[in-house]
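So the protein sequences, as listed, match chains V and H.
Position 46, counted from 1, in the first sequence is what our numbering calls 46; the numbers after and before it change by one each time, with no gaps.
Position 65, counted from 1, in the second sequence is what our numbering calls 1065; the numbers after and before it change by one each time, with no gaps.
What the hints contain is simulated information worked out from the structure, not anything from laboratory work.
Careful: at least some of the hints might be erroneous.
Pairwise CB distance ranges, derived in the manner of DEER restraints [claimed, not checked]:
no.	chain 1	residue 1	chain 2	residue 2	range
1	H	1005	V	81	33 to 39 Å
2	V	10	H	1112	29 to 35 Å
3	V	16	H	1054	51 to 57 Å
4	V	44	H	1055	25 to 31 Å
Treat the numbers as computed from the prediction; the structure is a model and nothing was measured.
Virtual Cβ for every residue (Gly too), placed ideally from N, Cα, C.
Each chain, written out:
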Amino acid sequence: DAGVIQSPRHEVTEMGQEVTLRCKPISGHDYLFWYRQTMMRGLELLIYFNNNVPIDDSGMPEDRFSAKMPNASFSTLKIQPSEPRDSAVYFCASSLGLETDTQYFGPGTRLTVL
Amino acid sequence: AQSVTQLGSHVSVSEGALVLLRCNYSSSVPPYLFWYVQYPNQGLQLLLKYTSAATLVKGINGFEAEFKKSETSFHLTKPSAHMSDAAEYFCAVSGDQGGKLIFGQGTELSVKP
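So that you can see chain V by itself, here it is in the shape it has in the complex (with noise of 0.2 Å):
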């Protein structure tokens, strides 16, 4: 298997741009994981999907975020508008279960917000 897959891996746009990170998970994976990595905060954990559906997105940021799985091979995670402070390496992640189970992370989109 390929592994997870992100595209963009790099991201420069401007202040009040739309932004679209996208991700393949592992085929066979029930879950998927969108992360964002800062210096400050570290890795959090903004949402997450089983079998598509959004089970947990506590920790999205504001409504300027918004996270769609329209079918077991693809995830989207959009922020619009995009802000300085967004600027951060996102990561997707997929695994088979929970709690037990490891979870595979995809290289990353590193995003720069101008």
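With the hints as your guide, set chain H onto chain V.
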């Protein structure tokens, strides 16, 4: 709520020396504990995990960790550091809060030649 504290944001060792990265957890339920490693410009990958079986857990690349309930600790060790071990290491806990992984702040390991 569960939490993880990693003592020391940066650890530096010489090549061939013992590696010890400290992790303490807080949990009101039996925890599941993980160590992940992140190499520069990459995602995290699992080193090892404790899921209530043997308390001494062996992982990849010669790393191991011991679950000590009395000390609420899950320290990561490796007898002899290699240059390729230079990376950031994250301790994480789950078992509560809907099964989500809660990560520590990370410890950056540097290995000097």
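Cross-check of the supplied hints:
no., hint, verdict
1, H/1005 with V/81: 33 to 39 Å, "holds, 36 Å"
2, V/10 with H/1112: 29 to 35 Å, "holds, 31 Å"
3, V/16 with H/1054: 51 to 57 Å, "holds, 53 Å"
4, V/44 with H/1055: 25 to 31 Å, "holds, 30 Å"
Taken one by one, the earlier hints all hold for this structure without exception.
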